[in-house]
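Undergrad: Single-letter residue listing:
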Amino acid sequence: DGGITQSPKYLFRKEGQNVTLSCEQNLNHDAMYWYRQDPGQGLRLIYYSQIVNDFQKGDIAEGYSVSREKKESFPLTVTSAQKNPTAFYLCASTWGRDSPLHFGNGTRLTVT
Amino acid sequence: KQEVTQIPAALSVPEGENLVLNCSFTDSAIYNLQWFRQDPGKGLTSLLLIQSSQREQTSGRLNASLDKSSGRSTLYIAASQPGDSATYLCAVKEGSSNTGKLIFGQGTTLQVKP
Numbered sequence: 001d002g003g004i005t006q007s008p009k010y011l012f013r014k015e016g017q018n019v020t021l022s023c024e025q026n027l028n029h030d031a032m033y034w035y036r037q038d039p040g041q042g043l044r045l046i047y048y049s050q051i052v053n054d055f056q057k058g059d060i061a062e063g064y065s066v067s068r069e070k071k072e073s074f075p076l077t078v079t080s081a082q083k084n085p086t087a088f089y090l091c092a093s094t095w096g097r098d099s100p101l102h103f104g105n106g107t108r109l110t111v112t
Numbered sequence: 001k002q003e004v005t006q007i008p009a010a011l012s013v014p015e016g017e018n019l020v021l022n023c024s025f026t027d028s029a030i031y032n033l034q035w036f037r038q039d040p041g042k043g044l045t046s047l048l049l050i051q052s053s054q055r056e057q058t059s060g061r062l063n064a065s066l067d068k069s070s071g072r073s074t075l076y077i078a079a080s081q082p083g084d085s086a087t088y089l090c091a092v093k094e095g096s097s098n099t100g101k102l103i104f105g106q107g108t109t110l111q112v113k114p
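These protein sequences, in sequence, are chains A and B. In case it helps, the numbering used here puts the first sequence at residues 1 to 112. In case it helps, the numbering used here puts the second sequence at residues 1 to 114.
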């Protein structure tokens, strides 16, 4: 079955460490997105990529980095510069502008 | 700046009741609007997508309507079941955007009691 796989489901890190969240899709979608979800704040866009080797900052990109070397993969690195990294991170993808957004099952990151 | 609001934040109904979830947006220049369902600790599942030229979309017991001029959308759930219990989010894609970026509401958490 086609879909978006995020791993791991839970991630624990010490403050000051960088951590990379994986997102892989086999839907052959061109566009991929990273959102962050915090209680009471809805989803906020971190980064997005509309094509391989190209990506753009979203609304809250500070302290994060991404790469898009393959169409199927869009990993997100949470750096030590991110002040409040503890959150639920969601990866999504879509065919294009007229198509629905599909989401993975998320990674819950806890930094202590 | 586009803002999306969902009221109420939480809703509890008895099984079998028909119900309406509300979504409002401040800028009517949207490209489309999408309704999602989110179960606790999970990702979002797309329910319905309404293009700006459409007035409604239906899938099974779900019907979503769109009134761009008033900046409103509703999600109607017929004959609710306990399995419908989840958080429902709406999101708009702005008409001027080529990025595919969605702007989300904060969601309505629905509980359907047996």
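The reader is advised that the hints may include incorrect statements.
[Unchecked claim] Among the chain B residues that face chain A by a calculated CB cut under 7 Å, a handful are:
1) 43
2) 65
3) 100
No lab work stands behind these hints: they were computed from the structure. Every residue, glycine too, gets a C-beta built ideally from N, C-alpha and C.
Undergrad: Indicate, hint by hint, whether the structure satisfies it.
TA: We went through each hint and held it up to the structure:
{"no.": "1", "hint": "43", "in the structure": "4 Å, holds"}
{"no.": "2", "hint": "65", "in the structure": "17 Å, violated"}
{"no.": "3", "hint": "100", "in the structure": "5 Å, holds"}
Hint compliance for this structure: hint 2 alone is broken.
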